[in-house]
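Chemist: This is what each chain is made of:
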Amino acid sequence: MKTNRFIYVLGGCLFIIGIAGCRKEVQVGAPVTQLVTNTVFSNDNTATSAALSIYSQMITNNLIWNIHRITAISSDELTSYSTSQTSLDLYRNALNASTDASSINIWTPLYNYIYQANAVTENLKNSSGVSATVKQQLTGESIFLRAYFYFYLVNLYGDVPLVTSTDYKTNAVLARTPKAQVYQQIINDLRMAQSLLSSHYVDATDTATTTDHIRPTNWAATALLARVYLYTESYDSAELQASTVINNPLYQLPVDLTKVFLKNSSEAIWQLADDANSFWTGDGSNFILNAPPSSGISRSTTISPQLFSSFETGDARKTAWINSYSSSGNVWYFPYKYEDGNKATTVKEYTMLLRLSEQYLIRAESRAQQGNLAGAVADLNSIRNRAGLANYSGMADKASLLAAIAHERQVELFTEGDRWIDLKRTKTIDAVMDGPTGVCLAKGGVWNANKQLYPLLPADILNNSNLIQNLGY
Amino acid sequence: MKIFYNASAMQRASGTLMSSLAQAMQKFHSNTTKTLVLGVKLAAVFILITCLQVSAKTTNAQKLSISIKNGSLEKLFSEIEKKTTYVFFYDAAILKGTRPVTVEVKDATVEDILQTSLKGQSLEFTIHDRTIFVKRGEKSAALAPGGPGKGGPPSVTGVVKSENGTPLVGASVVIRKLKKSGMTDDNGEFVLHDVPDGEYEVEISFVGYETRTTSVIVENHEGRVVADLKQFHSQLDETIVKGYYNTTNRLNTGNVTKIKGEDIQKQPVSDPIMALEGRVPGLYIQQSSGIPGANMTVRLRGQNSITNGNDPLYIVDGVPYSSASLTNSSIGGGSVGKPSTNAALNTGQAQGGLSPFNNINPADIESIEVLKDADATAIYGSRGANGVILITTKKGKAGDTKFLVNVYSGDGTAARKMHLLNTQQYLQVRHQAFINDGENPGPTDYDINGTWDSTRYTDWQNVLFGGTAKFTNAQVSLSGGTANTQFLLGSGYNRQTTVFPGNYSDAKASVYLNINHASANQKFHTSASAGYVNDDNIIPQVDFTGNLNLAPDAPPLYDANGNLNWENGKFTNPLAATFRNARAKTNTLTGSLNLSYEIFRGLQLKSSFGYTKAQMNQTNQQLAASVYGPPNPNNRRNQVATSNLNTWIVEPQLDYSRKISHGNLNVLVGTTHQQNNQNSIAQTASGFASDALIPTVTAATFLSASGSAQVSEYHYVAFFGRINYNWEDKYLVNITARRDGSSRFGADRQFGDFGAVGAGWIFSKEKFIEHNLPFLSFGKLRASYGTTGNDQIGDYQFLSTYTTYPGTSYQGVSTLYPTILANPYFGWELVKKLEGGLELGFLKDRILLTASYYHNRTGNQLVGQPLPYTAGFSSVQANLPAVVQNTGTEIVLNTINFQTKNFTWNTSINLSIPRNKLVSFPGLANNPNYKLRYAIGKPLFIQPLYHYTGLDKQTGIYTFEDVNHDGILDSKDFQPLKQVARNYYGGIQNSFSYKGWRLDFLVQFVKQTAPNYLLNFQIPGLFGQNLPVAVLGAWQKPGDNASIEKYTQSNVDVANAYSNYVASDASISDASFIRLKNISLFYSLPEGWQRKMHLQNTRLYLQAQNLFTVTNYLGLDPETQGWALPPLRMITGGIQVGL
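Those sequence lines, one after another, are chains A and B.
Under my numbering, the residues of the first sequence are numbered 4 to 476, in order.
Under my numbering, the residues of the second sequence are numbered 235 to 1373, in order.
To be clear, the hints were calculated from the coordinates, so they are not data collected in a lab.
Each hint should be verified, as a subset may be incorrect.
Said to hold, decoys possible - Heads up, simulated BS3-like pairs for lysine-lysine below, C-alpha to C-alpha not over 25 Å straight-line:
1. B:K651 to B:K1241
2. A:K427 to A:K182
3. B:K297 to B:K330
4. B:K893 to B:K1001
5. B:K840 to A:K27
6. A:K172 to B:K1001
Stated by the list, open to error - If you only want the chain B side, here are some residues facing chain A, beta carbon under 8 Å, derived:
7. Y948
8. G975
9. T1049
Idealized CB from N, CA, C, for every residue including glycine.
The shape of chain A in the complex, shown without the other chains (with noise of 0.2 Å):
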């Protein structure tokens, strides 16, 4: 019978595939709905997109607006109305690991961030297929990115666990790394950002100029490198990068206060465009009150009287960027950097994460711990003077220079992450906090040196036993 020699031979060829052609047949083709992460960086675009996710995920996480709110209500720059546990532990100094360390949200969605970059960075280095120049500007984003994560990492946490890879074996099992050796990376990550991040403001493209401030530029990367050689007292070079971007003639102080946070504002370094869709930052919505402070987080805070009584007679930062809500008798003062709140109907800000005037009032504190006081009082009459305030008259000596700078940081960059931070590392924070005058007190808590640092999550102490927790928690 024919067939059946048929069969036969048909049965014999199908043993044959089956036993020669096992492996390849267990090779599934790529999911349709996901992306093989070979395939993300096989070419410019999915490269891009999946580098830029990390500014989406900050924007949709309220990343920014949250560190300022908690350094804020730490620190003496907002009085906070919020009735959730976390809040009143952050308001009060007083924060308890087991109930607040992951309600923070600081710690997590930065080590995830650092994942990202790492996968963006490792990805990329084995790409053949994006092109160079992307490559280049995405891996120095990304490099860029991580230095700015672990920045506000130690300056929270103190020694933090470096993670340079995204090796979860390795990285779960990591002890924290001394904050010095935290610094030099970012130092090194920094410096190699400069080398790799292109010098104009790119696109979606990652090649062509926009108007748009929203990506790090290698002006990002010394502006952060200038806030870092500032924090760990390498003045000399502080002072240098701060004057490499000053010098830059693209960015400029704005004369009028109210033009600084506006979108692509002469004096952005660096920028996140907020959701396209909601027009307005997360500090906008966020801190305008179109009511009494609220119980919730969101619009809980006002303005401290400490914030309050510290501008001078004049300050014109005080009218332009703070504004008030009344009702009843009671007027609420709120942060109005940025004007938009969610009534917008167009994008007008952006939110801001470097700015210009922080690199004069860097190059001043450089100047002055460096002994050239003429040039430190002249960075920071740049600033007195935008404010619309004389030039600085008080006391020529270093100490009361540095005062006068470390207030002028105050009421420049209030509410955008500094005071909290610059008490630590100015080490004035014991004296500001502590004692029956102290602003601990004034908000109901009683200062524990100890809780200058934020607790680790004791989830992570637990799945990682080389982790410790800091003193006090």
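For chain A, the structure is supplied; the task is to place chain B on it using the hints.
Modeler: Showing chain B alone in chain A's frame:
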């Protein structure tokens, strides 16, 4: 008349059992010569069959040397038997008068010797395998002038075949009236000579088959009998399908339970898996709801995996059948819920969605085999961990073309209802609550502030699910064929409505086709089956049962105009749900083709091909009238989803059998190539200008994707083998192994090796047992050990992938973020299965007892291993060396209590006693996901809850144990004191038959604990909420010795204590039940009537499901639990007619 047999030859060929059995038979029948003859004949036939079996595989012709001078033929035959493995088979009478022979040969074949010796002796011989049949020369008779037929010597000829059309060789044919007997030859043909004209009863018997008596009319010296014999129903010799190979209960080295199609078809259910409830030891099936099409949770021998799939592997005619519901997990299937891949039986939440098995027509099923131990499941490798359920569909049978119509219909009602408060009792609770609270009813307390009529009483259970479901089932089939080609065509229609108000139904139409063909030389076989099922399921979006707690004095549901009564917006009308329907149309196509070719004797090349396509279209529609107020376009909604699943499989195999020494060796090798493609997408549309536009999704003003589209691909490839050696049906060894690869794992972990060894010892065949324990007709000890795996995790989980970030875009670019922390190194969960079994048969197998003990340990558990956030993610999928242990004892007892010609009574009892334990779980204490859920040394089913310590007599508030004495009741005070699990379960089936009547009933029993009514009811005393009568008699004043907390409608402390009570061990209680699961009564029309009316297999019947339940369960139904519609009590009547 005397039958000759040669004992020594027989012993050589068949072992001692046969002879002793024959001797026993001889003794048994020694009272009369007649029966002796028959008995011996039967024994001989039995031996013959055994010989055939034993020697069937030997191929080469034997050569021998013989030297006989003037010896009788008898002597020659015995010489040949001594020198070869051949056995002679003949009627001793025929040797009378034969002349002596002289044979002097060297190296001659048996055929040559016999041909020479029998020449001219009017004898002829045929060789069938190792047996030589010698009979009178028929050729001469046939060639004689006027042979059979007109004018010739009168005779009866005939053919005897088995049910499936194969000729039976050596069957005995007797006409008692004439004391004439004969035997069938190689082709099943027989001739009885010298039968005068007239009508005679012919008795045909064959070992292993039921004896058949038929009548023959001899006219003009000619009569012809065509008979087929039914295989004898000794359970031990039933064929058991073990997937790639078959065996029998007797020779099985593993643990397989077979449920026959007729037992499934006796039950008025539309889902064949539902029909297995209570029938299979080790298999627990929990219906999620009595709504037609609702899914079930099926667990075979417990829960092996902590977090992944625990479903058995289902195979329909060789093609894997997905146990996952096709219902879209984003929009769900309305009142049957959303599918959950790993709904554990212990959560009180059963597997939701529509059951995929609702798309198999129970009427098309020939048998379902449940494979349990390593021996039976290891050949399924990485998919056999949770057992294997094989569904075999019906095959065509040779014979006259038969047309069978089977129709039944009936009514169903909810099997159970709760005892709830009547209006008077309800109001008493409410009043007492206000008294306790020291408050007066407010303006929204409509039930007692005079707004509602306080004399009104409605039993809402009657209104909401007290209706009658109509069940209609009609099946037609046409079957028949020749010995070489058979066919079966079938078509069915099944429709079931619901007990709910509103027009809901599940209608199923199906077509089934099977064709088998064998080539004339029987070397090539093919079998093809195809089935198509169309199911249209329309059910409410919410289960009306969930409103059973409506206040008994709640307003009527319809106003005077017949419209829904909303009490001007003050009343949520439960019937609003009648305007929210969930409809799912499913098309399922299954096809399989099996080819086999015998390359040479003993070696077969086989290949099976299979394809399954299942496709579901869902539309969940909500009309404007479902919401109070003027019609609002935004209240008109439509959720639509489409899901597709395609599976194809190719399995080429080689099967080789041969006899080695005293045993049979069978070797099977094969490969599997399987691919699944699956996709599902759902959308939600709202804002329709009119109800009529709702089906037109494009008419919506708002349309969005629901959940993300699912598209996945699964590839599977395997190489498997089996070696079986059977030494004289006494010592059995079965080795199975599989190497398989699954695309669900990373490149380094795709392939795994699995295997098992099973061994059996039929000790009843040992002489010392036979002599000392004659009452023991069968005794087997078996044991198996092996490994299987579980790959029931989602596709692509090992892959490092990016997913579209659902948040904002950046610079106009939608962004991508890492989906999970990829771990390419995880592999399958591994189950090590150990089993021992003892099988005993007493009194000629009238009592069959099987006891099995299993000890399964599942390690390598795939769980989310928690990570510190510094790793970027909180967990990674990884193999954890946690070990889950399932042990258990299963006992099956089958007895034939009565067996007479007219009356038989059989009983079958099965009992399963499962135990589960979490043996180890490294890092459990630090695992945030599991530390509160599980405890080492305890079952996975434990429920860490507060320990209820009674009612405070002074305050009337529930109290609980504060384990850590910190004054706060929180999760640190949970104690794993109770579990939600089954202690034991089983079923008792009885079958009675009396003449044409047959009565079967199955009682299912389950000893278990489960969440009680507390899970669903809120604190007694609240507005608008009816309660079980169990809450009556609450605490009222200090000193009251009550068990129910004081009623309240506003007291926060009392309410907190109540919610702690719900979260305490008081919420777990006994949910054992005994249920008359199935009862069926058949009446077959007498054969005579049927013949006159040209009918066959015609019968009338009554069938009932879930007829009654005995339980102390504090809740609605102990099986479905919670507020799901209980299983239906279905009573149907039907008729089957065969033409």
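Chemist: Work down the list of hints and note, for each, if the structure agrees.
Modeler: Here is how each hint holds up against the structure:
1. B:K651 to B:K1241: Distance ~20 Å between K651 of chain B and K1241 of chain B Cα, so the pair holds.
2. A:K427 to A:K182: holds (14 Å)
3. B:K297 to B:K330: violated (28 Å)
4. B:K893 to B:K1001: holds (23 Å)
5. B:K840 to A:K27: With Cα atoms ~24 Å apart, K840 of chain B and K27 of chain A stay inside 25 Å; holds.
6. A:K172 to B:K1001: violated (63 Å)
7. Y948: holds (7 Å)
8. G975: For G975 of chain B, the interface hint holds, since the closest Cβ of chain A sits about 4 Å away, which is under 8 Å.
9. T1049: holds (3 Å)
Going down the numbered hints, you'll see the structure goes against 3 and 6, while the others check out.
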